[in-house]
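K.L.:
Residue-level listing of the chains:
Protein chains: 2
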Amino acid sequence: MVPHLVTALTGPINELEQRILESMPAIERWFRLEWMEHTPPFYTSVDVRNAGYKLAPVDTNLFPGGFNNLTEEMLPLAIQAAMAAIEKICPEAKNLLLIPEKRDSFYLMNVQRLVQIFSNAGLNVRLGTLDDAVTEPTRLPLPDGSALTLEPLQRTPRRLGLKDFDPCTILLNNDLSAGLPKILENLHEQYLLPPLHAGWAVRRKSNHFHSYEEVAKKFAKLLGMDPWLINPMYAHCGKVDWSEGAGLECVQTNVDALLSKIRRKHKEYGIGEKPFVVVKADNGTHGRGVVTIRDAKDLEEVNRRTRERMGASKDGQAVSEVIIQEGVPTYERIHDAVAEPVVYMIDRYVVGGFYRMHAERGIDENLNAPGSSFVPLAFAESSHLPRPGEKPGVSAPNRFYMYGVIGRLAMLAASYELEATDPEAEIYE
Amino acid sequence: MVPHLVTALTGPINELEQRILESMPAIERWFRLEWMEHTPPFYTSVDVRNAGYKLAPVDTNLFPGGFNNLTEEMLPLAIQAAMAAIEKICPEAKNLLLIPEKRDSFYLMNVQRLVQIFSNAGLNVRLGTLDDAVTEPTRLPLPDGSALTLEPLQRTPRRLGLKDFDPCTILLNNDLSAGLPKILENLHEQYLLPPLHAGWAVRRKSNHFHSYEEVAKKFAKLLGMDPWLINPMYAHCGKVDWSEGAGLECVQTNVDALLSKIRRKHKEYGIGEKPFVVVKADNGTHGRGVVTIRDAKDLEEVNRRTRERMGASKDGQAVSEVIIQEGVPTYERIHDAVAEPVVYMIDRYVVGGFYRMHAERGIDENLNAPGSSFVPLAFAESSHLPRPGEKPGVSAPNRFYMYGVIGRLAMLAASYELEATDPEAEIYE
Numbered sequence: 001m002v003p004h005l006v007t008a009l010t011g012p013i014n015e016l017e018q019r020i021l022e023s024m025p026a027i028e029r030w031f032r033l034e035w036m037e038h039t040p041p042f043y044t045s046v047d048v049r050n051a052g053y054k055l056a057p058v059d060t061n062l063f064p065g066g067f068n069n070l071t072e073e074m075l076p077l078a079i080q081a082a083m084a085a086i087e088k089i090c091p092e093a094k095n096l097l098l099i100p101e102k103r104d105s106f107y108l109m110n111v112q113r114l115v116q117i118f119s120n121a122g123l124n125v126r127l128g129t130l131d132d133a134v135t136e137p138t139r140l141p142l143p144d145g146s147a148l149t150l151e152p153l154q155r156t157p158r159r160l161g162l163k164d165f166d167p168c169t170i171l172l173n174n175d176l177s178a179g180l181p182k183i184l185e186n187l188h189e190q191y192l193l194p195p196l197h198a199g200w201a202v203r204r205k206s207n208h209f210h211s212y213e214e215v216a217k218k219f220a221k222l223l224g225m226d227p228w229l230i231n232p233m234y235a236h237c238g239k240v241d242w243s244e245g246a247g248l249e250c251v252q253t254n255v256d257a258l259l260s261k262i263r264r265k266h267k268e269y270g271i272g273e274k275p276f277v278v279v280k281a282d283n284g285t286h287g288r289g290v291v292t293i294r295d296a297k298d299l300e301e302v303n304r305r306t307r308e309r310m311g312a313s314k315d316g317q318a319v320s321e322v323i324i325q326e327g328v329p330t331y332e333r334i335h336d337a338v339a340e341p342v343v344y345m346i347d348r349y350v351v352g353g354f355y356r357m358h359a360e361r362g363i364d365e366n367l368n369a370p371g372s373s374f375v376p377l378a379f380a381e382s383s384h385l386p387r388p389g390e391k392p393g394v395s396a397p398n399r400f401y402m403y404g405v406i407g408r409l410a411m412l413a414a415s416y417e418l419e420a421t422d423p424e425a426e427i428y429e
Numbered sequence: 001m002v003p004h005l006v007t008a009l010t011g012p013i014n015e016l017e018q019r020i021l022e023s024m025p026a027i028e029r030w031f032r033l034e035w036m037e038h039t040p041p042f043y044t045s046v047d048v049r050n051a052g053y054k055l056a057p058v059d060t061n062l063f064p065g066g067f068n069n070l071t072e073e074m075l076p077l078a079i080q081a082a083m084a085a086i087e088k089i090c091p092e093a094k095n096l097l098l099i100p101e102k103r104d105s106f107y108l109m110n111v112q113r114l115v116q117i118f119s120n121a122g123l124n125v126r127l128g129t130l131d132d133a134v135t136e137p138t139r140l141p142l143p144d145g146s147a148l149t150l151e152p153l154q155r156t157p158r159r160l161g162l163k164d165f166d167p168c169t170i171l172l173n174n175d176l177s178a179g180l181p182k183i184l185e186n187l188h189e190q191y192l193l194p195p196l197h198a199g200w201a202v203r204r205k206s207n208h209f210h211s212y213e214e215v216a217k218k219f220a221k222l223l224g225m226d227p228w229l230i231n232p233m234y235a236h237c238g239k240v241d242w243s244e245g246a247g248l249e250c251v252q253t254n255v256d257a258l259l260s261k262i263r264r265k266h267k268e269y270g271i272g273e274k275p276f277v278v279v280k281a282d283n284g285t286h287g288r289g290v291v292t293i294r295d296a297k298d299l300e301e302v303n304r305r306t307r308e309r310m311g312a313s314k315d316g317q318a319v320s321e322v323i324i325q326e327g328v329p330t331y332e333r334i335h336d337a338v339a340e341p342v343v344y345m346i347d348r349y350v351v352g353g354f355y356r357m358h359a360e361r362g363i364d365e366n367l368n369a370p371g372s373s374f375v376p377l378a379f380a381e382s383s384h385l386p387r388p389g390e391k392p393g394v395s396a397p398n399r400f401y402m403y404g405v406i407g408r409l410a411m412l413a414a415s416y417e418l419e420a421t422d423p424e425a426e427i428y429e
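Residue numbers (this note's numbering), protein chains in the order written: chain F, 1 to 429; chain A, 1 to 429.
Chain F with its partners taken away, still in its complex shape (with noise of 0.2 angstroms):
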């Protein structure tokens, strides 16, 4: 079940992870106190890098697919949390909406578990979807025999529902990154979650990694040790247009400053890694349109072969915002694969997680790309709690134990990027 872990044994990752073991009363301790300040999101799913030298979120999904991929253990992990979550919610609920995307039968496995998940945590779960051609109920079959039904919505002036069906909540796994549908905006008196400028259509990474640079840290100044070991360093430019060539210069002198910020902190930890940057779209993209660039120079070239690439993001429009990320290398590997962790979250719980691998990819490329595939990890098997006891880098519980301290550190950013970014804050001020 467990993958071998061929991360470096030495080196910052295993003071990190020691750090962390020893301080795990204090550090739950400081979830819990973040928590009475702030609402975690409804669910979380956070990719994770592991270069040996420093361990970092580089993508934190506020409309997570990919349940299916967890493993059936976790599921009463998953049900638990639900419970928790709708108790604090909706705790009179009867009805549970839930939008999915429209997507292939592999992202309806996904929808399916939701379901389960939801059902078993108390709720009448129906789907419902945003795409007109839908006018009555249809039947959507699985690839392991059995069904779902999508249903039209029926909009009231204040209500969103399914014929017959009236829910206390709206759950969104879509991330609307095609815009903000009508049909969503002003239900005042139901909850839709996640909210709508969670979307893709608002939201934007760079908000993301400027909470997350906050979040990481005060927990650096709990755990008494440099944030950057947990904090992807970004820049971001407005305004970019590939086809044009517009906006370009920006990334230019971004990509070289983080080049050598990066430079320096090799230096500073004796890291004899060679600096990278990852250029992408500042609002999601389902993981297209990602460049590694090594060398600032290389951007012209890049931007040559990649320009057409980029400059279709999901909804056929250019590239106008992007965000210049330090690249952070995965030094995990299943069999020959590259692999990164991804860890699932719902309400404040971490629920499970999966390596995601890609065996034509490098260490330094976005492995969420067309040829991935999963292997469920149970981050959360008691196999898997930590072991105080033992010594660093040797022990995959306390590693996984590391990486669900990092999912919920970039959940609790996230939490701080909607509070920051909630067009409707001043009402409740």
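Calculated directly from the structure, the hints in this document are not laboratory data.
None of the values given here were measured: they were computed from a predicted structure.
Backbone N, C-alpha and C fix where the C-beta goes; we use that ideal spot for every residue, glycine too.
Every clue listed holds true.
Chain A residues, not near chain F, derived (Cβ > 10 angstroms throughout):
(1) N14
(2) L130
(3) D131
(4) G145
(5) R204
(6) K218
(7) P227
(8) D256
(9) T292
(10) G371
For lysine-lysine, the following DSS-like pairs were computed, each having C-alpha atoms within a straight-line distance of at most 25 angstroms:
(11) F/K94 to A/K217
(12) A/K218 to A/K261
(13) F/K88 to A/K88
(14) A/K221 to F/K94
(15) A/K218 to F/K94
(16) A/K88 to F/K94
(17) F/K265 to F/K297
(18) A/K218 to F/K88
(19) A/K94 to F/K88
(20) A/K94 to F/K217
(21) A/K217 to A/K267
(22) A/K94 to F/K218
(23) A/K94 to F/K221
Quick partial rundown of chain F residues pointing at chain A, CB under 10 angstroms, derived from the structure:
(24) W30
(25) W35
(26) L77
(27) A81
(28) E92
(29) N95
(30) A121
(31) R348
Add chain A to chain F, keeping to what the hints say.
P.N.:
Structure of chain A alone, referenced to chain F:
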């Protein structure tokens, strides 16, 4: 892992199972609403008996031992539930003081498991003892080679702690059969859990089953069924002196009346079983002094034989109050041993369970006796999640879901009971 269930595959219990499965979201919602009004006990274990024709809790323990009998796989679930519990009670807490009983090393394994659960949930856990003989930190070796340290309590006028250790919460794993220790009184600045009136020095089984009857009626109404299917009938007698024979008349009358009531119910359902009742002390005696009676005439004879046995309760005093309870035979068997499921809960969540089995006892006898052993049962493993489509009676997972529901009904009854018997209730009203 899953023992072979020999429970009759036909009859009322399967109708009950079917109804419970069909009503899963409604049941979970009903519990949610109940927990909005009532506070669950901190932790609870419930002995359940499945007679094929009825399913009932027979004992509700508010200071559960035996956490070490749960499978390793359930630990993450227990930790998550413990986190949820702490969050509500004392989110800022750093320290938890655990007060165990003075028992054998098998019991210490339970204490060790509790320490593990609450450490992982983010607390510094230390052990304090009510034993005055312990005047300095004392190392208690465990069968697995590790050790626990027991420390003397330090009381100040308003708080209880250990040397250099001031806890927010004091968790009792000591049922206080021996009486209420002065040192635990008037701790209004700290959370003492469970509260003193949950200890057997004060608590009465008859109060619990009075509350359980109320809960069972509510639940039966929700499901549209006869509450008797999940409720063991009972009566109680105060001031019975077994050594003097005083108060035996009350017992005799009630045994007679209860046997008649059971006979009527058996006739109504066409049950061929010979009715029996169980006579036991109205406060806890760790399973001692439990007598099975099939006929009121037996009582005189039984009395002669058991006078001595029942006369000596844990603290050496004569049993003075008695509960007479409808006997629920257990038709579960593991190999050839009679078995009964035990459900474990932390806060409002089922975190696991096991089978208590006893090769030398009959289906109508108390199994909580020397010679019993345990088969851990992952009630909460995903392979044991309810599967609504399956035929009643043939699916172990569905049966375990049902046991979890009954366990939670008994826990809810304990919550009602503790509210009704709270000596300080008027202060808060």
